[in-house]
Amino acid sequence: MTSQLVATPLVPGRTAGPVLALAQPLSLWGGVDPASGLIVEPRHPDHGRCVAGHILAMPASRGSSSSSSVLAELLRCGLGPLGIVLGESDEILVVGAVVAHELYGVDCPVMLLGRDDYAIVATWRTATVDLDGTITRGAVRPTIS
Amino acid sequence: MTHIAEIELTDEQADGLSGRRGRGVQRAMRIIVALGRASDARRLIPVSRAHVDGVLYHGQASQDFVAWLTSADAHVAIPTTLNVASLDLLHPWLFRGGEAAATAGRRLVDGYLQLGCLPTMTCAPYQDEDRPGLGEDIAWAESNAIVFVNSVLGARTARYGDFSDVAAAIAGCVPYAGLHRPEARLAGLVVELDPDAVASMTDDSALGALGLVVGELAAGRVPAIVGLPADTTEDGLKALGAAAASSGSVAMFHAVGITPEAPDLETATGRAGEPARVRVDAAMLRRAQTSLATAPDGPIDAVALGTPHFSVSEFDRLRAVLGETPGPVQVEFSVSTSRAVLAQITRLGWLEDIETAGVTVVTDTCTYVSRILRDPGGITMTNSAKWAFYAPANLDAHVVYGSLRDCVESAMAGTVVRTRA
Numbered sequence: 001m002t003s004q005l006v007a008t009p010l011v012p013g014r015t016a017g018p019v020l021a022l023a024q025p026l027s028l029w030g031g032v033d034p035a036s037g038l039i040v041e042p043r044h045p046d047h048g049r050c051v052a053g054h055i056l057a058m059p060a061s062r063g064s065s066s067s068s069s070v071l072a073e074l075l076r077c078g079l080g081p082l083g084i085v086l087g088e089s090d091e092i093l094v095v096g097a098v099v100a101h102e103l104y105g106v107d108c109p110v111m112l113l114g115r116d117d118y119a120i121v122a123t124w125r126t127a128t129v130d131l132d133g134t135i136t137r138g139a140v141r142p143t144i145s
Numbered sequence: 001m002t003h004i005a006e007i008e009l010t011d012e013q014a015d016g017l018s019g020r021r022g023r024g025v026q027r028a029m030r031i032i033v034a035l036g037r038a039s040d041a042r043r044l045i046p047v048s049r050a051h052v053d054g055v056l057y058h059g060q061a062s063q064d065f066v067a068w069l070t071s072a073d074a075h076v077a078i079p080t081t082l083n084v085a086s087l088d089l090l091h092p093w094l095f096r097g098g099e100a101a102a103t104a105g106r107r108l109v110d111g112y113l114q115l116g117c118l119p120t121m122t123c124a125p126y127q128d129e130d131r132p133g134l135g136e137d138i139a140w141a142e143s144n145a146i147v148f149v150n151s152v153l154g155a156r157t158a159r160y161g162d163f164s165d166v167a168a169a170i171a172g173c174v175p176y177a178g179l180h181r182p183e184a185r186l187a188g189l190v191v192e193l194d195p196d197a198v199a200s201m202t203d204d205s206a207l208g209a210l211g212l213v214v215g216e217l218a219a220g221r222v223p224a225i226v227g228l229p230a231d232t233t234e235d236g237l238k239a240l241g242a243a244a245a246s247s248g249s250v251a252m253f254h255a256v257g258i259t260p261e262a263p264d265l266e267t268a269t270g271r272a273g274e275p276a277r278v279r280v281d282a283a284m285l286r287r288a289q290t291s292l293a294t295a296p297d298g299p300i301d302a303v304a305l306g307t308p309h310f311s312v313s314e315f316d317r318l319r320a321v322l323g324e325t326p327g328p329v330q331v332e333f334s335v336s337t338s339r340a341v342l343a344q345i346t347r348l349g350w351l352e353d354i355e356t357a358g359v360t361v362v363t364d365t366c367t368y369v370s371r372i373l374r375d376p377g378g379i380t381m382t383n384s385a386k387w388a389f390y391a392p393a394n395l396d397a398h399v400v401y402g403s404l405r406d407c408v409e410s411a412m413a414g415t416v417v418r419t420r421a
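Heads up: the sequence lines are chains A and B, in that order. Everything in the first sequence is counted per the working numbering, starting at 1 for the first residue and increasing by one. Everything in the second sequence is counted per the working numbering, starting at 1 for the first residue and increasing by one.
Hints are supplied without guarantee of correctness; some may be wrong.
[Claimed, not checked] One side only, chain A facing chain B, incomplete, derived with CB under 7 Å:
1. Thr-2
2. Ser-3
3. Leu-10
4. Leu-22
5. Glu-41
6. Ala-72
7. Glu-73
8. Arg-115
None of these hints come from the bench; they were simulated from the model. For every residue, glycine included, the Cβ atom is placed at its ideal position computed from N, Cα and C.
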């Protein structure tokens, strides 16, 4: 079984932690409460779960162009995801992560996988993301190069 | 793994990134280049206008970002309009979110004005007479504005959002990616309306429901809708696009025979390959309408119209329906619009009629993102699929969805009235 994949680093960085794989795309704006990190969209299957402290895995992007701000605000408050793994590129989340880095020095790597590889990561409980885009099953400490 | 190629910059763009054109341009360019990497662009292209959504307050990060730009003496390089603010700047007493939030919302607007943005404060910048034209490359944010300008006006914008919108305005350029590329604008999905679906679309609520369905079916593709009546108005296309952007991130659709890049299906889809086809029937539209309701038909607390911002023609229709319906209004009735449209309906003498009937006109913001309604957690009826889609999470609102006429009749009755079976 595959336990290592290579993603395209849209926002390079390293992180490790539990994977929160969303069953459906989510608009952070309107979908996540920036004051708590909780998914508040009532129709979403992951309603009530918290994005904080997780590697957020999303099959595709969706919704409002204000999600960049919500991601930056979540990261400012320490309630943001550890990193984001996408099945499709999402410029809006990339910009939110880049701005949070510029303003607050917070790293939130954003990794792009193809749909098939995304489906594999979505089944993992924990994962480790490395600077070069390598995503490994299990929350091992990132190697310092 | 897909390899990301380096973006080739012109001398002017390279000077921007290196800081030779000032720290403000440099900061903006850093965001544009990151965006270019994310969208796998090879070069940056100039844009002629921008529309900025970052002016709605989402927390300290909103203010920190604009301060990061103003402190670097950044200034927009192209005409730049502003989306809605967190409060009604013309009627500040309508805001119920407290003094601290009002001050924060106002400060953020001031920051964007300092960057040289125009105080349009509307999510419907396409309702202005001076609007982008066919083939014009622009940088617009706000999902409903993006889908409208691409689909209905044929101008070209990718999906910009908070931060990237004003970065594009300051840098004056964007990655050549997404819907700036003609080939990305071709339809990848054909949505055929069944005759029974078209026959069931007898009022304005149907287009919002259709937009919701189209958004769910689109899955990243540009849909071409076949079978929409040729007399579908811009207001109708606005409602359709806003709903499709809400449910499925749709940034462009074609309405064959209606929108400028779809005189016929062949032009809309291009010659390469046969796109997937799906049919939409009346039952799917009915289900979509039903899915928007989070409360049963019964007593309501409020009616909210104008998401996206009400146009002059929508006010004309509201005025007519109000005139035909015995009043007075029994519930809070609020219509969101732009300050430009407010000025027009004031000049036309309509504002007085509308206000006398018991309607509050809200400008510069919108009732689904701002604390305007007396009881946001109550049951609100709307003709906007976008309002119905987002307000339950934003405001803890309970929603009933219906046509403009049903909204007016229900406001007069204090309870949901359905004028068609």
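### Task
If any of the earlier hints don't hold here, list their numbers in rising order.
Those not satisfied are hints 1, 2, 4 and 8.
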